[in-house]
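Chemist: Protein chains in written order, with this note's numbering: chain X, 1 to 577; chain C, 1 to 181.
The hints are simulated quantities; they were obtained by calculation from the structure and are not laboratory data. One or more of the hints may lead you astray.
Using 30 Å as the maximum straight-line C-alpha spacing, the simulated DSS-like pairs for lysine-lysine come out as follows [as the list claims (entries may be wrong)]: (1) X:339 to C:131; (2) C:58 to X:202; (3) X:106 to C:58; (4) X:329 to X:221; (5) X:326 to C:145; (6) X:329 to C:61; (7) C:68 to X:150; (8) X:339 to C:2.
What you are looking at is a predicted structure, and each value in this text was computed from that prediction instead of being measured.
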Amino acid sequence: MNMQTLTVEKEVEKRNEVITGAEAVILSLLAEDTDTIFGYPGGAIMPIYDALYGYLDRVHHVLTRHEQGAIHAGQGYARVSGKPGVVFATSGPGATNLITGLADAKIDSTPLVCITGQVPFAMLGTDAFQETDVISLSMPVTKWNYQVTKPEEIPAAIAKAFYIATSGRPGPVVLDITKDAQFATFNFDYKKCRGFRSYNPKPSIDIESVKAAAELINTAKRPYVLFGQGVILSHAEKELAAFVEKTGIPAAWTLLGLSAMPTDHPLNVGMLGMHGNYGPNKLTNECDVLIAVGMRFDDRVTGNVSTYAKQAKVIHLEIDPAEIDKNVKTEVAVLGDAKESLRLLTEHCHANEHTEWLDKFHEHARIEHEKVIQAELHPSKEGLTMGEVIRRVNDLTDGDAVVVTDVGQHQMVACRYAHFKKSKSNITSGGLGTMGFCLPAALGAKLGAPGREVVAVIGDGGFQMTIQELGTIFQVQAAVKIIILNNEFLGMVRQWQQLFFDKRYSSTELVNPDFVAVTKGFGVEASRVTERDKLDSSLKAMFDHPGPYLLEVVVEKEDNVFPMVPSGASVDEIRLE
Amino acid sequence: MKKIFTIVIFTENKIGLLSRITSLFTQRHINIESLTTSESEYTGIHRFTVVIHEVEDKTKKVVKQIEKQVEVLKAFCFTDEDTIYSEIALYKIRLDETIDRVALEAVVNTNGAFIKEEIGEFLIIEKTGHKEQTHQLFEELKPFKIQGFVRSGRVSLSRTFSTFSQHLQYLETHSKEIITQ
Ligand SMILES: Cc1ncc(C[n+]2csc(CCOP(=O)(O)OP(=O)(O)O)c2C)c(N)n1
Ligand SMILES: [Mg+2]
Numbered sequence: 001m002n003m004q005t006l007t008v009e010k011e012v013e014k015r016n017e018v019i020t021g022a023e024a025v026i027l028s029l030l031a032e033d034t035d036t037i038f039g040y041p042g043g044a045i046m047p048i049y050d051a052l053y054g055y056l057d058r059v060h061h062v063l064t065r066h067e068q069g070a071i072h073a074g075q076g077y078a079r080v081s082g083k084p085g086v087v088f089a090t091s092g093p094g095a096t097n098l099i100t101g102l103a104d105a106k107i108d109s110t111p112l113v114c115i116t117g118q119v120p121f122a123m124l125g126t127d128a129f130q131e132t133d134v135i136s137l138s139m140p141v142t143k144w145n146y147q148v149t150k151p152e153e154i155p156a157a158i159a160k161a162f163y164i165a166t167s168g169r170p171g172p173v174v175l176d177i178t179k180d181a182q183f184a185t186f187n188f189d190y191k192k193c194r195g196f197r198s199y200n201p202k203p204s205i206d207i208e209s210v211k212a213a214a215e216l217i218n219t220a221k222r223p224y225v226l227f228g229q230g231v232i233l234s235h236a237e238k239e240l241a242a243f244v245e246k247t248g249i250p251a252a253w254t255l256l257g258l259s260a261m262p263t264d265h266p267l268n269v270g271m272l273g274m275h276g277n278y279g280p281n282k283l284t285n286e287c288d289v290l291i292a293v294g295m296r297f298d299d300r301v302t303g304n305v306s307t308y309a310k311q312a313k314v315i316h317l318e319i320d321p322a323e324i325d326k327n328v329k330t331e332v333a334v335l336g337d338a339k340e341s342l343r344l345l346t347e348h349c350h351a352n353e354h355t356e357w358l359d360k361f362h363e364h365a366r367i368e369h370e371k372v373i374q375a376e377l378h379p380s381k382e383g384l385t386m387g388e389v390i391r392r393v394n395d396l397t398d399g400d401a402v403v404v405t406d407v408g409q410h411q412m413v414a415c416r417y418a419h420f421k422k423s424k425s426n427i428t429s430g431g432l433g434t435m436g437f438c439l440p441a442a443l444g445a446k447l448g449a450p451g452r453e454v455v456a457v458i459g460d461g462g463f464q465m466t467i468q469e470l471g472t473i474f475q476v477q478a479a480v481k482i483i484i485l486n487n488e489f490l491g492m493v494r495q496w497q498q499l500f501f502d503k504r505y506s507s508t509e510l511v512n513p514d515f516v517a518v519t520k521g522f523g524v525e526a527s528r529v530t531e532r533d534k535l536d537s538s539l540k541a542m543f544d545h546p547g548p549y550l551l552e553v554v555v556e557k558e559d560n561v562f563p564m565v566p567s568g569a570s571v572d573e574i575r576l577e
Numbered sequence: 001m002k003k004i005f006t007i008v009i010f011t012e013n014k015i016g017l018l019s020r021i022t023s024l025f026t027q028r029h030i031n032i033e034s035l036t037t038s039e040s041e042y043t044g045i046h047r048f049t050v051v052i053h054e055v056e057d058k059t060k061k062v063v064k065q066i067e068k069q070v071e072v073l074k075a076f077c078f079t080d081e082d083t084i085y086s087e088i089a090l091y092k093i094r095l096d097e098t099i100d101r102v103a104l105e106a107v108v109n110t111n112g113a114f115i116k117e118e119i120g121e122f123l124i125i126e127k128t129g130h131k132e133q134t135h136q137l138f139e140e141l142k143p144f145k146i147q148g149f150v151r152s153g154r155v156s157l158s159r160t161f162s163t164f165s166q167h168l169q170y171l172e173t174h175s176k177e178i179i180t181q
């Protein structure tokens, strides 16, 4: 209580005082309820770090081991909490190290506010030490960016940054602040941004389009819902469930839509995409009305788009006008926030059942189970499969963990078999497919949801791309449970080489370090398991350990992920083997 | 089939927007034939006129991507039939003893151009019109040894009632410029 009064007073006092631009950055972030910052200092951002030093009682700064780690951690934090990730980096190499994360956040619509230091205004364009043109470099991978050169601009720029990052279709923003603007003083005053005229983040819903969509749905014989991350971003999980429950329509999730509905919901028929489930892919070409909610018909979902759902009338519920008709032509587009669109659509749709149609999905699920899933989850061969590891994780976490994955075979297997009960429980790099994403994202997720079990599932290849973040995990003692599925291969690329390049394993075999020793070297507890009868006890030991823990599971070297829609094939050409 | 499209974009006057917009064309491998920017009839609002040679579907999609940029107010797309458009060209001729002044003036007149200025031994000719017309004059001036030639980007106005002012009014009533909480 006493603390609180003190801090309020501090703020009031600051408001009437002339402060530096650097301190204004920190106060502005606090005004936006920032509790965690991921970053890495350097010359051009030192004034901001110096100002931060006076506020460490109110905001937690996480010093990662690389700026890419900082931004992926910010993404993990944002995806699990729904709050924007805040990231600091210095000019030049600090800023360029953010680019991969910005591109990842842009394509996966993750809200981030990144602040980079920049050389002083007078030195811009002189090829000064650690000068890079961050604004031009980050332009195509940000929703918005802006260079601040005067301290007076800082509060409004930060307010705008938060507003843009989090509203409408979220995305990353970059503020590049010159060092002189950080040092200079001014009269600080903070106002939150609620809108500006050139930006309409939430298009108002046209009720006529809702009625047209409802009419199609009400007369459909084989309607089918595809949902994506838009449902999570607009907090429309309840509305989605209400819609499918009233209309009885089977629903499939995209990779990023995972966890927007419980896994065991009777109308949840599984995952779309190249390594998605059999029925959801195949039956796309049998439905008569396709209802896409907050998803963007990525090519990994559509396969060959010229043979994709040609027989169906497509309804698209989407907040971003540029997504309408981008890849798939729609019959009815409902532009607007998914939460409200779904609510209105449910109102206008009749209660219905589609038992026979739903049975078709069940039938396909049985075939997939027999041909693929059974052997993956309950293998009779000697070597461990990735699937059985995920099955045991489900059991031990009661399907209630946040599952963070990297990119590759282990990602597809984890996403196929992980169980979800709560929304915001799946964090993966979807659109960009960024190897090295998982370890830092898991760290960020743990800090964004400290009360939840966070399981990182990583391949032996991707782990080595951001392995240094073990140091951060150790330093902040983030109790992340890390599972390395070690197949001693860049498995996903090897699978393609096997299937499409005559088994010519060009540069995909890895000679790995001793992961357990490396991890222990970072101070993080670790062990290795190679046999099935030790898998359970090893996983239990990992979950029972109070702090961060790494378990290396040595799996079959040359297993493949199936089903698979081969690149360029139609969704109904999905292969089971 | 590819054809000429004129994309008209109204934006806030902000540093970096030009590059943000052009990079959308670059990303899609669309070549910009011409680009002109200037302040519009609305104070503080800039107008971009971008001419491309592209298929309709790709053009419509890039227009949506342009409009998605947070500091873009509105983007329109026109075919040549929808607009009145013009370009300006300047030609520099050196008046030496070999030049037949009478013939030169005849070419200028028949092409609807005019002599803008005579500076010492140089003559500057100006012509406005469509690209074919300024090109035609270029061809006809060739025998007079052109010393310099420049053609501007296209400027264009639609043939129909502009919906932008209405749109702007809508934007202004439906958004509140940075408000205190
Ligand atoms: C940064 C980056 N580089 C390259 C790739 C291409 N790529 C996709 S999956 C993959 C193999 C991943 O290997 P590993 O991490 O061991 O996972 P596995 O597939 O074996 O489970 C590669 C190289 C990528 N997605 N990201
Ligand atoms: Mg591997």
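Chemist: Evaluate each hint against the coordinates.
Modeler: Hints, one by one, checked against the model:
Simply put, residue 339 of chain X and residue 131 of chain C have alpha-carbon atoms about 51 Å apart, too far for the 30 Å limit, and the pair is violated. At most 30 Å may separate the alpha-carbon atoms for a hinted pair to count; residue 58 of chain C and residue 202 of chain X meet this at roughly 25 Å. Under the criterion of a C-alpha separation no larger than 30 Å, the hint pairing residue 106 of chain X with residue 58 of chain C is consistent with the structure, at around 21 Å. Simply put, residue 329 of chain X and residue 221 of chain X have alpha-carbon atoms about 20 Å apart, close enough for the 30 Å limit, and the pair holds.
Among the hinted pairs, residue 326 of chain X with residue 145 of chain C is inconsistent with the structure: their alpha-carbon atoms are about 50 Å apart, more than 30 Å. Distance check on the hinted pair: residue 329 of chain X and residue 61 of chain C sit about 12 Å apart at the alpha-carbon level, within 30 Å; holds. As the CA atoms of residue 68 of chain C and residue 150 of chain X are separated by approximately 28 Å, the hinted pair is consistent with the 30 Å bound. Taking the CA atoms of residue 339 of chain X and residue 2 of chain C, the gap is about 40 Å. The hint is violated against a cut of 30 Å.
Taken one by one, the earlier hints fail for this structure at numbers 1, 5 and 8, listed in ascending order.
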